[in-house]
Structure formats: C-alpha cells, structure tokens
Amino acid sequence: MRRRDFVKLIGSTGAATMLAGCGSSAPHASASSRRVYLVAFDGLDPRIAKTLMDAGKLPNFAKLAGRGGFSKLRTSMPPHTPVAFSNIVTGADPGLHQIFDFIHRDVDTHDSRLAIRPHFSTAEVQVPENARSLSLGSWKLPLSGGETMQLRRGKPFWDYLIERNIDATVYYVPSNYPTEMPEGPGRFRAISGMGTPDLSGGYGEFTLLTPSAPRAGREVGGGRFVFLSMLSHRGSAELLGPANYLHQPDESGRVPRMTSRVDVVRDPTAPVAKISLSGSTVVLKEGEWSDWLEVVFHTGLPGSSVFHSFGAATAVAGTVRLFLKQVHPKFELYVSPINIDPLRPASPISVPETFARQLAERHGRFHTLGIPEDTKALSRGALSEEEFLSQTHLVLDERIEQFRGALSEFRSGCLFFYFGDTDLVQHMFWRDRDPEHPGRDPQQGDRFAEVVEEVYLKADSLVGELLDHARDDDTILVFSDHGFTTFRRGFNLNTWLRDNGFLAVKPGSGYSDAEMFVGTDWAKSRAYGLGLNGLYLNAAGREKHGIVKSGERASALAELREKLLAVRDVDGTPVVDRIDLVEELYPGADARIAPDLLVGYNDGYRAAWGTVLGAMPANQLEDNLDRWSGDHSIAANLVPGMLLSNQPLTVESPSISDIAPTVLALFGVARPSTMTGRTLFHARSTT
Amino acid sequence: MDTFNLTLTRAADWVFGWCQRLSPLATLLLLSAVAGVAMAVVFRVSSNQRAIKAAVDRSRAQVLAINLFGHDPRAIFASFAQLLRYTGLRLSYSLPPMLLMLIPFTLLLVQLAMRYEHQPLAGGESTIVKLELAPEAWSDHQRVALKSSPQVKVETPALRDATEHAVYWRVRPLGSTPAVLAWQIDGQTIEKRLDVSGDDVALSAVGVRRPGRGIVDRLLYPAEPALPAAGPVRGIEVQHAPRQTPLFGLDVPWWLTFVLGSIVAALLLRPILRVRY
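Listed in order, the protein sequences are those of chains A and L.
Convert by adding 271 to the 1-based position in the first sequence; the result is the number in our numbering.
Convert by adding 1 to the 1-based position in the second sequence; the result is the number in our numbering.
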C-alpha cells in the first residue's frame, strides 16, 4: 500500500463511520475508495430524452433511470451554461458566485468613449495599474504582466474534497478558466472548458481564405474572410494572430496584430492541395480536415526566430486545423480559431500545468478553445452544415478518447466530465426539427431533421460505456444544465426600452444595428439591456452617467416589470414569461455586477442578437433567420435540465445546485454553509 | 560512394546498437564525450604542441606586460599588438588538425543527423512524399503514379507542382515496420524506403531523402543509394517529425548538445591527455 493510500484510509475512517450510521443504504465502499461519476451533457432536454427513452432509442439512459431515477432538474435563472455550471460547482446560486450572464459590464471603465464596458463574465485579463514596461523605439518590453482572473466567486465542491484527501478530476467544466489549484492533500487535475479563450484572448475567430473576399478582407462576427487568389496554382495569405505584445500601440491606441503566412499550392486539375504554415506542410484532398498544425506568430523583434527556438517569449505558438473546402474552380480553405497548444500552453489551461500536455501526449493534440464547435463559421457561411457537423465529430471524437482514458485510469474520488456538443448542435439544428421555425430552409427540407436526435443517441452510447465501466457501488449522476427549445422570434430589448422612453438617444441618432449603445444619451436614459437576459437601471452613483436615484429605483423597476410582462407579439402571444427582481431572487448579488432585472422570455422568444451588446434596430420583434435556431436563454422554468442517477432520488424537484452537496455527502463531507443546495439521496446525507 | 555510405551507416548502426539500452540523450552525450576525447588526441598528435605552448606563454607575457605598464600607453598598444599576433599564431597552429578532422567530423555529424534530426514514422501516421523530377523530364513524367500497397496506403491523388517540378502524395504506413514506396518510370522501378517503427524511443537511421547523383546530396543523405543517373528523378523525400532531445528541459538542438558535450569533454580531459589548444 502506498503512503498516500494509507493516509487516505486513516483519514476516511471518520467519514465512513458517519456514513455507516446513516441508514440501510449506506455505501459499501469507504470514502477513500468511493467513486463518483458526474457526466454532464450540456443542454439535453428532458422532454426529448423522455420521448426517445419511451421509444426505446436511449437504452442506457433507460437502464440508468431504472436503477435509480430520471427527473427534470431545475436550472438557474438565467438558464445559461456559465451561470448554471457555477451553480453546479458551488452548490449555490448567482447570489454567491456572481455569474449572471455570458456578458457582464464594467461601470468603472476608464475608456472615455464608453459609458459601460462589456466583458466576458467568467474571466478577464487584468493588468495592474502600476504595470511597467521599457520602451525602445517602436518596441515595448513589458517588465510586469497582466494576470487572467477567474471571476466566479465561491468555492467549488472539489476544493472540499481535496482538503480531505479525496481526489478529483475535472474535464472541460464551464466557468472554470483559469482553474485554480485547491489546497489540500488530494490529487486534483482539471482542464478548463467553456470560457477558455483562443490564442488571441477571444472566444475564437475562424479564417476563410477565399477569392470571394474583398482584397482588404472582411471581418464578420466570430471570424474573417481573407482574400486569396491563385496565380499559376500558387497563392499565399496572412493569418491574423494575437496582438503584438512587444509593440507600442499606434496613434489610435491599437496594438498591431502579429501575422503568420499561409502558402498553398494546388494541383492544376485534381482536387488536392499542399498547404504550408509555420514550417509545417500538409497535403489535403478537397473536403478533408488536417491534423493539428502548429502556427507561430513572431513579434518581429530582431532575432525572434532564434530566441524563440530556445524558448524565449519573442514569439507565441498556437494550433489550428485546416479544412480544404474547395480546390477548383475557387480555392477555399477554412482555418479554425487558433487554439492554445496543449503541448506548450501559452495560457494556464490546466491544473497542474502539465495535465494538458499529458493529455496531448496520451491522446494527441486537442481543441482547447472553450467552445470549439465553430457555430459562427456555420452562421456566416464559412462552413456548410455538413462541414460543421464534421467538425463537431472531430471535437467529440477527441473528447470520447479522453473520456475513455479518464474512465480507465479512474481509481477513486470524483470524476467530472463535460460534453458540450449536445448544446451547440441543438442551437444550430433546432430549426430542422421545428416545422414552424421561420428560419427553415425549404431547399434543405428535412435533410438535417435527425441531427438533434443523433446527439442524444451518442450521449446514450457514452452512458453505456460508463455503465460498463462502473462498479455496482459507484455513484453515477448524468445530467444537463438546462433544456432546450425553439428560438423563433428575437426581441430587441433596447429598441423596446427606447420606444417606451427608458432609453434616450441623441438628436439625429436613428435606429441602428450598431452595437455598444451608439448614439445613446445617457444623461436621459433610465435603463438598458445587456447580455441575453440582463436589464440594468442607469443608476445614479453606480453607472458612469447614472440618473436613476435610489428613491426612484423601486418605481422604475416596477414600471419596467409591468410593461415588459404586457409585451405581446403580433398574434397576441406574450413575449415575456416572467421578470425576476435580482435583489429579491439573489439577496447576495453584488449590485455592481448583477443586472437589476432578469428577463425570462417566453417559449419561442429570446433576446435578439443586437440586444446582447447594445444595438437598437428598428423593430422590437424580428424573425430569427439565423442558423442558431434553438435556445434556452428564456424563463428558467420553461427549460429545465435533466438528471439520471443510479441511486433513487429522494428529494422533490431536484435542482442543479443539489449536485455539489450531494457529492460532498457521498464522501462524508458536511455541507458548507455557503451551499444552498440539498442532497439528492437523503439516506447518505451527513448534514 | 554508395558502398562507402552503406559501410559507414552499418558501422554507425553497430555503434548505436551497443548503446541501445541508453536513452537517445544519454547516447548523444556519451558519443559527444568520446568524440571530444578523440578530437583532443588527434589535435595533440597532429598539431605543433611545442609551438602552441610557446605562443601561449608569450600571450601570457603580453597580458602581464599590460598589467605592469598600465601607465604607459605606448607599451600597452605594443603588448596588445603582440597579443593579437600570438593569438593568430595559435589559431594558425590549430588549422592543420582542424582540416584533418573536418571530413571525419562531417561524416560523424551526418550519421548523427540521420538518427537525431528526425524520428521514424509511427504505424498509422500519415506523411508527405515528394518526388522531384528533372526540369526537362517534367512534361513527360508529371503524371507518375504511386499506388497503394499492402504496406502503405496512398491517401491523396498526386499533387503536381510545375514550379518546383515536384509531385506530392500523402501516404500512411499500415504497419509498424519499414515499408517501401515504388514508382514505375520508363520501365524501371524506383523505390524509396519508408522508415516506420513501433518504438518511438529507440534510435534508428531515418532516411528522409533518397539522393540524386550530386556529391553533396549523397554525402548528406547516406541512408539509401543514389537514384539512377540517367533517370528523370532527382530526389525523393519523405516528411518526418523532428526528434526532440531536450537538455535540462530546454529544447536544445541535438547538434548543439553534441558540440557542447565534445568541447566540455575535451577541456576537462586536457590535463590527462596533455594537450594544448
């Protein structure tokens, strides 16, 4: 017996004794050898799952439900993945972890052009105010660096396990970038998931090299189209990388971005091409994906290449996969967002730092971007439906390999594995199963009608592998963070606020798709919408140009609530199902972070795309014609998640916040006071 | 030349066979130490050690003079001039042994490069094959075909690059043992070895290129015999991943490790070998 195992055995005696006294269903295994599997499939909807189970199409789900239980799982409000997973890992709600949306805003922005600065809610690079650098002409050598901060507050449940010498391994759990190393004798390993940026620090930007792009290129949300023409069947283009961190900003305050050259040669007639990138060369057939390729961006500092080969930070490397869309007559090459290389991570994507490299050495390089399935490329036409699906299969294949590896090496403790393809495929292919969706393409008909169902079948097969691997005394929880529904109509919240006198614009400012509240007269505006469900008062003393005084707050909120609940679509359908007052729903919410109201849209409705970053288009309601046609950012009660367990569920109406205290109870750890969730299996509760 | 290359490669295989229990880095350090000692011995034997000693002594005397007559600029300049002269003399005395060692050292580096520069393909790992044609043969032979075999799957159609007069394919070895690629050109079979190994740790010679008839090409790529002189093919290359031999966690190129190891060994053993540089 190794020393670690011996210590665990001794340390677990107390916990095991406690569990033994809890009732007849006390576990056979001691806490030190217990195994708890948490497998999350983002966005699996209980209604679809139930229908498919009843039809006999999800035999493993049915088997698991037969052993323990199947239930809807109450989700967070708003029911977004970053919010829901923050609930799941902290066992609490946004009042503790302070994640309320994908997007939050900074009201203390020093940028004079902005009244508020939107930012990603879960992580941000923070540069210290006293950051120093050495200027040498056009070069700037930083003497102190920024730090990526995780903005989720509250202790995740695995911290308590590690403190008590119980191992935990966490794969791709959202809102967990950068992962923090818990203190304690247990072994902890984690690879970060949704929220992990690309090499440039964003959510990922594709590049499509095509002769159809303008010569100067064309930026679109989530990527760019770059001009590439072939001369004598050869061509080259530049791939845009991160900002050049050793370069001074230009006159407009922008730091130039680094580039890396792509060279292509195609056969004069055959559908095959050779692509060279940063010293790597691949030969691809039309319709093929490349393996991972390293792409290096040099700062241009003299001697950069030589210094970089010895490990100096004069260049930065990431990885991409290429997809050869077409060779003749038009040459078109898709380049994936630049992922952080797990073999040489430029940012902390795992804990310990070596874990990402170990995974890559064992299973090959893999997608590290938080949302690797490139939905933007599909929405913008850079990838077709079939091409997007082939990309999701690549991602899923990688994850399945790692899942199998994780199962095979799992000995004790908690294994938490997250799959995200279930969510993104439903987002992109919901319209194909909704005959009334306005975005349906009549030419495609029902070609992709089965795609959503197929991800459920795949999830079922993975649960089957888990069941084959697990012992009888292991605990298995398979769950989703929220359900899904159709997204037919978009509501332009800021347009509605403007039309109803809550948001004022300067004279001459018309309705516009321009984001960031262009033309807004903040001195006369009382409220604004930001993110998918957030509605904020322009509060005096809080917002930069706030005007709503504390004495006016309650009436303003009541007026907003009343009027929004009265909004009807042209056919009389209510657009909003519920409005939650954040200070009532989440008393612990930080007023400088949280919205004042959460807009719970009705089934079929959602915030229109322009609302998320402050646009005011002409129409309050619009058909959703985007490929992104399914959603869940509505009233939480309309899109519950689902839960499968191999032990009988003994609580009424389980919630996602119940998962963390349940895991702790299974290991004999008392529920911390910060956790508001309950334990799902009463017999094993220790509280 | 082919026979010479073959003999040398077999000899190197024999040496590396003795070191197969060591890691590639340990083998490299051991060989660099042996090479350092050998070079020191050759240096001692083939150089004028007495003249070198005299030049060293006189250089020291000039350094001493600079220290003693630091107040006299004329004396300092004169001593600097003498110091430069004796340093140049020392370098000139080093030239004969360096010339003597140039060819063996180059051959040794080529043999080391064949094992340390690249690693063999893993079974199932795809790679790119490039067949270079003589410019005058391009129009007649650009449609040269490479077919799949039980050992190797050809995954793409031929990609013809008229600018480079080269044809490319992506191939995938199906097993974990060396395979052979073959082309039929003008009634002749042209072959290229595909180095595949199931063991990515052990060192083995990797033939990244089957050379043409050029002497430099054949010197640098001795793993396989040169291509027929009269044929249209000028060279065949296979893309292999570079082999990493990190030193203290740093990504130091193998040749730098070798050179540094040789120098350190030669300097450390100088008193024992009684050699002056």
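Treat the hints with care, since some could be wrong.
Counterexamples of contact, computed for chain L against chain A with all Cβ distances above 10 Å [claimed, not checked]: (1) 65; (2) 70; (3) 99; (4) 100; (5) 129; (6) 138; (7) 160; (8) 161; (9) 163; (10) 203; (11) 240; (12) 264; (13) 265.
BS3-like mimics (lysine-lysine), calculated; alpha carbons at most 30 Å apart, straight line [as the list claims (entries may be wrong)]: (14) 154/L x 131/L; (15) 556/A x 54/L; (16) 729/A x 334/A; (17) 411/A x 426/A; (18) 815/A x 795/A; (19) 795/A x 820/A; (20) 131/L x 148/L; (21) 795/A x 834/A; (22) 131/L x 556/A; (23) 54/L x 601/A; (24) 596/A x 777/A; (25) 343/A x 411/A; (26) 328/A x 601/A; (27) 815/A x 777/A; (28) 601/A x 148/L; (29) 154/L x 596/A; (30) 343/A x 777/A; (31) 131/L x 596/A; (32) 729/A x 795/A; (33) 596/A x 54/L; (34) 729/A x 777/A; (35) 834/A x 815/A; (36) 729/A x 556/A; (37) 556/A x 148/L; (38) 795/A x 777/A; (39) 777/A x 820/A; (40) 601/A x 154/L.
Simulated from the structure, these hints should not be mistaken for laboratory data.
Being a predicted model, the structure only gives us computed values, none of them experimental.
Even glycine gets a Cβ: it sits at the ideal position worked out from N, Cα and C.
Comparing the hints with the structure gives:
no., hint, in the structure
1, 65, "holds (38 Å)"
2, 70, "holds (40 Å)"
3, 99, "holds (26 Å)"
4, 100, "holds (29 Å)"
5, 129, "violated (5 Å)"
6, 138, "holds (17 Å)"
7, 160, "violated (5 Å)"
8, 161, "violated (5 Å)"
9, 163, "violated (7 Å)"
10, 203, "holds (18 Å)"
11, 240, "violated (7 Å)"
12, 264, "holds (18 Å)"
13, 265, "holds (19 Å)"
14, 154/L x 131/L, "holds (15 Å)"
15, 556/A x 54/L, "violated (66 Å)"
16, 729/A x 334/A, "holds (15 Å)"
17, 411/A x 426/A, "violated (38 Å)"
18, 815/A x 795/A, "holds (13 Å)"
19, 795/A x 820/A, "holds (13 Å)"
20, 131/L x 148/L, "holds (14 Å)"
21, 795/A x 834/A, "holds (19 Å)"
22, 131/L x 556/A, "holds (16 Å)"
23, 54/L x 601/A, "violated (72 Å)"
24, 596/A x 777/A, "violated (46 Å)"
25, 343/A x 411/A, "violated (55 Å)"
26, 328/A x 601/A, "violated (43 Å)"
27, 815/A x 777/A, "holds (17 Å)"
28, 601/A x 148/L, "holds (28 Å)"
29, 154/L x 596/A, "holds (23 Å)"
30, 343/A x 777/A, "violated (48 Å)"
31, 131/L x 596/A, "holds (23 Å)"
32, 729/A x 795/A, "violated (53 Å)"
33, 596/A x 54/L, "violated (70 Å)"
34, 729/A x 777/A, "violated (53 Å)"
35, 834/A x 815/A, "holds (26 Å)"
36, 729/A x 556/A, "holds (28 Å)"
37, 556/A x 148/L, "holds (16 Å)"
38, 795/A x 777/A, "holds (9 Å)"
39, 777/A x 820/A, "holds (22 Å)"
40, 601/A x 154/L, "holds (28 Å)"
Checked against the numbered hints above, the structure breaks hints 5, 7, 8, 9, 11, 15, 17, 23, 24, 25, 26, 30, 32, 33, 34 and satisfies the rest.
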